[in-house]
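Q: Chains G and S supply the protein sequences, listed in that same order. The letter at position 27 of the first sequence is residue 27 when you use our numbering, and the numbering goes up by one with no holes. The letter at position 8 of the second sequence is residue 8 when you use our numbering, and the numbering goes up by one with no holes.
Certain hints may be false.
[To be verified] SDA-like mimics (lysine to any residue), calculated; alpha carbons at most 20 Å apart, straight line:
| # | chain 1 | residue 1 | chain 2 | residue 2 |
| --- | --- | --- | --- | --- |
| 1 | S | Lys21 | S | His52 |
| 2 | S | Lys33 | G | Leu22 |
| 3 | S | Lys132 | G | Arg10 |
| 4 | S | Lys76 | G | Glu49 |
| 5 | S | Lys76 | G | Thr17 |
| 6 | S | Lys33 | S | Ile9 |
| 7 | S | Lys33 | G | Glu18 |
| 8 | S | Lys76 | G | Arg10 |
| 9 | S | Lys76 | G | Phe26 |
| 10 | S | Lys54 | S | Gly103 |
| 11 | S | Lys132 | G | Asn51 |
| 12 | S | Lys132 | G | Pro48 |
| 13 | S | Lys132 | G | Glu49 |
| 14 | S | Lys76 | G | Pro48 |
| 15 | S | Lys132 | G | Gln50 |
| 16 | S | Lys76 | G | Ile36 |
| 17 | S | Lys132 | G | Met53 |
| 18 | S | Lys33 | G | Phe19 |
| 19 | S | Lys132 | G | Ile36 |
| 20 | S | Lys76 | G | Ser24 |
| 21 | S | Lys54 | S | His104 |
| 22 | S | Lys76 | G | Gly39 |
| 23 | S | Lys132 | G | Glu18 |
[To be verified] Which chain S residues face chain G? A few, computed with CB under 8 Å, are given here:
| # | residue |
| --- | --- |
| 24 | Leu5 |
| 25 | Asp7 |
| 26 | Gly56 |
| 27 | Thr108 |
| 28 | Ser124 |
| 29 | Phe130 |
| 30 | Leu138 |
| 31 | Val144 |
| 32 | Thr145 |
Since the hints were made in silico from the structure, they are not lab data. Ideal Cβ placement from N, Cα and C applies to all residues, glycine included.
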Amino acid sequence: MAMENPAMIRAEGVEATEFQDLASQFHVQGVPQTVINSGAGMVVGAVPEQNLMAAIQRALTN
Amino acid sequence: MDKLLDDQIVEQIGEAFAELKEPVQILLFGSHKNCEYCAEVRQLLEEVSATHDKVGVTVYDLQADKELAAQYLVDKAPTILIAAKDGAQISNLGVQFAGIPSGHEFSTLINDVMMVSSRDSGLSAEVREFLKSLNQPLLLQVFVTPT
Numbered sequence: 001m002a003m004e005n006p007a008m009i010r011a012e013g014v015e016a017t018e019f020q021d022l023a024s025q026f027h028v029q030g031v032p033q034t035v036i037n038s039g040a041g042m043v044v045g046a047v048p049e050q051n052l053m054a055a056i057q058r059a060l061t062n
Numbered sequence: 001m002d003k004l005l006d007d008q009i010v011e012q013i014g015e016a017f018a019e020l021k022e023p024v025q026i027l028l029f030g031s032h033k034n035c036e037y038c039a040e041v042r043q044l045l046e047e048v049s050a051t052h053d054k055v056g057v058t059v060y061d062l063q064a065d066k067e068l069a070a071q072y073l074v075d076k077a078p079t080i081l082i083a084a085k086d087g088a089q090i091s092n093l094g095v096q097f098a099g100i101p102s103g104h105e106f107s108t109l110i111n112d113v114m115m116v117s118s119r120d121s122g123l124s125a126e127v128r129e130f131l132k133s134l135n136q137p138l139l140l141q142v143f144v145t146p147t
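Same shape as in the complex, but just chain S:
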């Protein structure tokens, strides 16, 4: 397969990633069945990861790695988790994307990597306090389209 990211995009990612602080590990859950875009997503994430040594990527399979998928509450492929990495410790921060992050959603992916790397949500003190006080599960699903 040809490269998905052209030189100009790679340069832009490089400029953004120059600001990276802490390491980030991207976990991809693909599937060998009924996954139209899994190969593209894998290649896309590997090309992004190759632009900076603080960004790693690990590829799993929804069926073959079903225990890990269950642990991370992943139920569809492709699912991309953008996790924090500290030493050998991978911490799932609940930041994830289902589907191929193309078009505008590619910027969202890069921004998510930047945010996780900074370990700072950038939210206001009031909202942070509310979120930290939650003692019941909260699932926020933001439906988007690539354009």
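Just chain G, same shape as in the assembly:
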């Protein structure tokens, strides 16, 4: 997703056991879990791209 608009988007995989503080800050319980804009939105599990897009749209309009 970041590739489509790198001026605005960053996509970061985070190894949760190595960065436990960050994982607990966002209440990560299972993996994969996607955190949008540091907690503005959240997606648990691997989801189709359409679902992730919908979650991003919700997070950005909040």
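Once you have looked at the hints, place chain S on chain G.
A: Structure of chain S alone, referenced to chain G:
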């Protein structure tokens, strides 16, 4: 340190990398303090880079290269950026990983290199259009574990 990648894995990477199109530059931001896996990550990336001449790796230090780290918005080590390389130009595409990419995440790293090399996200037209229309910063952090 012994090699991290055995012959079989190197062969598999070689098969995947035979499909590489454009050059890729991997940027590693390590740290000389409080970085348990930085040495391993560096070695891992250098072994991956050695399998194909279209895959380069450059190693930076989060503290010593703090201006570059700030430019790329990197705030933790190890952070791996998978960037596009065109001639001497390195373009950060916002594709990055924090931590050691072992286990299943090693496949993710190889897939990211393939994707950046193709310069094609593979997403649907509708999602691409939405992403291109974004005019505010978006950070997607995908938390994963190595197993």
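Q: Does each hint hold? Answer for all of them.
A: Here's how the hints hold up against the structure:
{"no.": "1", "hint": "S:Lys21 - S:His52", "result": "holds (11 Å)"}
{"no.": "2", "hint": "S:Lys33 - G:Leu22", "result": "holds (19 Å)"}
{"no.": "3", "hint": "S:Lys132 - G:Arg10", "result": "holds (13 Å)"}
{"no.": "4", "hint": "S:Lys76 - G:Glu49", "result": "violated (27 Å)"}
{"no.": "5", "hint": "S:Lys76 - G:Thr17", "result": "holds (14 Å)"}
{"no.": "6", "hint": "S:Lys33 - S:Ile9", "result": "violated (30 Å)"}
{"no.": "7", "hint": "S:Lys33 - G:Glu18", "result": "holds (15 Å)"}
{"no.": "8", "hint": "S:Lys76 - G:Arg10", "result": "holds (15 Å)"}
{"no.": "9", "hint": "S:Lys76 - G:Phe26", "result": "holds (17 Å)"}
{"no.": "10", "hint": "S:Lys54 - S:Gly103", "result": "violated (24 Å)"}
{"no.": "11", "hint": "S:Lys132 - G:Asn51", "result": "holds (17 Å)"}
{"no.": "12", "hint": "S:Lys132 - G:Pro48", "result": "holds (19 Å)"}
{"no.": "13", "hint": "S:Lys132 - G:Glu49", "result": "holds (15 Å)"}
{"no.": "14", "hint": "S:Lys76 - G:Pro48", "result": "violated (29 Å)"}
{"no.": "15", "hint": "S:Lys132 - G:Gln50", "result": "holds (15 Å)"}
{"no.": "16", "hint": "S:Lys76 - G:Ile36", "result": "holds (18 Å)"}
{"no.": "17", "hint": "S:Lys132 - G:Met53", "result": "holds (12 Å)"}
{"no.": "18", "hint": "S:Lys33 - G:Phe19", "result": "holds (15 Å)"}
{"no.": "19", "hint": "S:Lys132 - G:Ile36", "result": "holds (17 Å)"}
{"no.": "20", "hint": "S:Lys76 - G:Ser24", "result": "holds (16 Å)"}
{"no.": "21", "hint": "S:Lys54 - S:His104", "result": "violated (23 Å)"}
{"no.": "22", "hint": "S:Lys76 - G:Gly39", "result": "holds (18 Å)"}
{"no.": "23", "hint": "S:Lys132 - G:Glu18", "result": "violated (32 Å)"}
{"no.": "24", "hint": "Leu5", "result": "violated (19 Å)"}
{"no.": "25", "hint": "Asp7", "result": "violated (26 Å)"}
{"no.": "26", "hint": "Gly56", "result": "violated (18 Å)"}
{"no.": "27", "hint": "Thr108", "result": "holds (6 Å)"}
{"no.": "28", "hint": "Ser124", "result": "holds (6 Å)"}
{"no.": "29", "hint": "Phe130", "result": "holds (6 Å)"}
{"no.": "30", "hint": "Leu138", "result": "holds (5 Å)"}
{"no.": "31", "hint": "Val144", "result": "holds (5 Å)"}
{"no.": "32", "hint": "Thr145", "result": "holds (5 Å)"}
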